[in-house]
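Asks: In the order they appear, the protein sequences are chains Z and R. 1 is the number of the first residue of the first sequence in our numbering; add one for each residue after it. 118 is the number of the first residue of the second sequence in our numbering; add one for each residue after it.
Just so you know, these hints were derived from the structure itself, not from any lab. This structure is a prediction, so every number in the text was calculated from the model and none was measured. Ideal Cβ placement from N, Cα and C applies to all residues, glycine included. Hints are supplied without guarantee of correctness; some may be wrong.
To be verified - Label pairs and their computed distance ranges (CB to CB):
| id | chain 1 | residue 1 | chain 2 | residue 2 | range |
| --- | --- | --- | --- | --- | --- |
| 1 | R | Asp160 | Z | Val92 | 28 to 38 Å |
| 2 | Z | Gly38 | R | Arg511 | 23 to 33 Å |
| 3 | Z | Arg96 | R | Arg940 | 50 to 60 Å |
| 4 | Z | Thr66 | R | Arg511 | 48 to 58 Å |
| 5 | R | Phe224 | Z | Arg96 | 23 to 33 Å |
| 6 | Z | Trp61 | R | Leu199 | 20 to 30 Å |
| 7 | Z | Glu62 | R | Arg527 | 28 to 38 Å |
| 8 | Z | Arg96 | R | Leu199 | 30 to 40 Å |
Unchecked claim - For the chain Z half of the interface with chain R, some residues (derived, Cβ under 8 Å), not all of them:
| id | residue |
| --- | --- |
| 9 | Phe31 |
| 10 | Ser41 |
| 11 | Gly42 |
| 12 | Tyr45 |
| 13 | Gly49 |
| 14 | Arg72 |
| 15 | Pro74 |
| 16 | Arg75 |
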Amino acid sequence: MPGRPNLRSRPLSPSAVAVLRAIAGGTRHGFDIMEATGLPSGTVYPVLGRLERGALVRSRWEAPGTAQREKRPPRRYYEISAAGERALAEAVEYYRTLAGGRRGGAPGGLAPKPQRS
Amino acid sequence: MSDLHAFSRGASGGEPPWSRAAEVTWRRCRAMVGCAAPIVPRDARSAWEAEWLGELHHRITALDSAGMLDARARRGLLIRTLGTLPHALWVRRSEWRLDMLLQDLAFAARTSCRRPAFSLLVIGILGVGVGANSAMFSIVNAVLLRPLPYPQPERLVYAYGAFRGGNQASISALDFLDYRARTRSFSSFAARTFFGTVVLSSGEPERITAPAVSANFFSTLGVRPLLGRGFLPDEELAGYGKLIVLSYGLWQRRFGGDSAVVGTTTLVDGEPFTIVGIMPPVLARTFPDQAWRVFPFHVPETSVRRFHMLRGIGRLRPGVTVAQAQAEMDAIAHRLEAVYPEDASWHLRLVPYRDVVVGNTGPILLVLLGAVGLVLLIACGNAASLMLARATARQGEMAVRTALGASRARIVRQLLTESVLLGSAAGLVGLLLAVTLVRGVHAVAGNLLPRMSEIHVDGTAVAFTMVVALLTGLVFGLAPAIHAARQDVAMAMRGLGRSTGARRAMRLRDALVVGQVALSLVLLVGAGLLLRSLWLLQRVEPGFDPRGVLTAQISLPTDRYTDHPGVERFWSGFLERVRAIPGVERAAATTMLPLAGGGDTYYYMDGHPPASDADKRTAQVNVATEDYFATMRIPIREGRALGPEDRLLGSDTLGHGTMVISEGMARRLFPAGDAVGSRLVVDLGRPFRGEIVGVAADVHAFGQGVEAPDIIYFSSHQVSSFTDGRVMSIAVRAGGDGGRLAAPIRDVLRSLEPGVPLANVASMDQLLRGSVATPAFRTRLLAGFALAALLLAVVGLYGVLAFSVTQRTREIGLRIALGARAREIFGLVLRRGMLLVGSGMVLGLLGAAAATRLIRGMLFQVSVLDPLVIGGVAALLAVSGLAACLLPARRATRVSPMAALREE
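Isolated chain Z (complex conformation) (with noise of 0.2 Å):
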């Protein structure tokens, strides 16, 4: 079953983790995620659908009257649950622990990576 947000079974994984932390961050479109966490659309697609499945994210569509007013198609944007929001803070906590302790907050490679234009 993707995106359980169980984390006793399992956690996160880092990807859902640093997609999380982008939409918490106020993200909420999806290529904006990718340039907020660095990672490929055939890897953010997929984990926000895992994240939506596990009402991790909720997505809405923008107003259909902006769009046809501007005459392109309407964008969709992603939200944060308050499960998410308690999902992410268990994973951070778990990938903490796991690094032993480590100063630093998430290991390596969690942290968004600088835009890229």
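For chain Z, the structure is supplied; the task is to place chain R on it using the hints.
Replies: Relative to chain Z, chain R alone:
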């Protein structure tokens, strides 16, 4: 939402239009999204598409309006759009993903390459197992599975003559014609003489097999001539038609494949025969024939219902079963029996032609295929054991992966991918090996197996190999993979899981070793039984002394040797000159050379004719020149050998004929021991009445594994009517090596009869070896498999013990530190190893008791539970096991307690 594709900024009102680059990029990205979209399930497709296009549109607009849509950015967008494919696949089936598989494969390849020694060892072990299986399968496929190479081969049926005395006899020509005329079950019913050789005398004389066939022989098989034609229905009725059809092989070899020979004549037995056609090579797959003559029906020689000389081959009408045809033929047989007294108890026995071709090789091949399957199983056990050892070493890696979110299924899949990859590599190695092995079988087995020319590694065999290799990968990878996935993450991460996980792995490896020992014991017992059978078989005294005897066959032309005195003159003159060759000790000629066939006839005790045909006794007839017993060194047990005194031709009609009979026959016929001086009447075409003047030792004329037949010996001076002595085998005893005598003997023959070939030249030793070639072949194969199994099992045992010593270094070091002596440590490892061997042997014995039943039919004077064989095999396994234990045990005694403790 297909209208989404219409979005483009070019025509919009308020916003500034897109640059040309933006338009192109948008079109390309949109096309890529469109390509991946069909993968997404329909109900989710429009939303999926909308999200991608929405993001792409937004991004292009943003970059374009900022003037940042340079080549790099465009490339980045296109690369990002490539993500539609994995995304679409993920939506399609979120668990199984192609990219994961590719990732797994790439990862497996990398890990395998990082440990080349380990990978090569696994590939090598499995490659041998797969290769042997593939080769064996190629043989079984060609011989047993593949249909015969004729159209609708399942409708072809072979017909033997059968009577009260046997069911593999021939059919008389007149009976055949009656069956053919009356049968409704067969759409076509043909015949072929069982024997038949002729001499091609244009050019270098050569004896070839050229049976005579009914005109419909080729059409019954469904074979069309390559060139020219077959025989016409009228030709079989027209007396001795001097026509010949050549096989492809003979045509190529002797006539250089020249198509102009069709219609020309060639000398056959000294007479001109017209070559009417050439047959395609396909016939050579089931018939040893080199040429065919048309069978002459309705001539005096073939119109005797008592002369059985044909075998039938028929093509059933569609829908008719063999049983139905048999019932019809039985009914015809009854009608014939009622009319012709000489047909009493004679009928036809129908057998699917395939069964006749395959003969009795089926069980042997299946046993060998089973044996080679066991070898593969043992190889799998070894590979699994190696993988387990490595899995233990990779425990940390697996724990980290689990901790990082890899599911169990993912880890199992990852490890399985690795083992399947190794298995596939082993499949390729095995394929190469199989090609080599099949070539070897061709070189070694000659024509021991039916359909030998069809045996090669073909597409089916390649497919079989790859399937076996993949299954092998799954079989040897599954247990280690599941084992690795069961690790407790947290414990393993802290380095605590090692002992429990390792112990479980160890138990699994122990079980594998026990299984390997058991399987190899089964194979060793099988091979041991066959070896002992072969040994006993070869120790059977043949009844003559084969050493230094050269044999050959000579057939005199019928046109110039018409009477007995002429034939007599030839043989005495020829043998006289052969004896004069330096190095020749003795020379004789006979109609029945041991191991070269024979022919039997009826006889009865003089004065006691049998009440009916069914009570007739039969014995083999051997007409020989007077030096025969001395040349072959066949001991005379009673009375005397045949000599110059048995000369009177035609004396038998006066009741003065003489004969020598074989020992077993004398014992059974004359239990009182009064054979010499008694009289028999023997059917040699006419009754031959004569006195037994001697008893000769039994000769295993049909092979050492076959009981010595009853033989009646006649002097060639006396008996002229049986074969006329025109076809005889010669036996020449030389002081040393008989082989170098072939050339001078051929010179002698050429000086007397330039057109007559010296055929079938072979030493008696060769004939004797040839008679046990089939059992020797299968014994050698099974022994090879068993040795491979033993080797694999020993290597497996060694690996397990060596690994366990490494794992227990700390424990052993502690024991030594606490005062354990080297002997005790040595015993510790040895006991463990021998416990595994012992358990395996017990299991194996049970298995062997069940499995050896399969080879009971191949054993000669050995019971399936032969104590000598089982004891020997057990000893061999115990010694091999001991040897495998020695090195690890020695190493254990050398563990330094300090080093062991420091290691932790």
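Asks: Give me the numbers of the hints this structure contradicts, sorted from smallest to largest.
Replies: none
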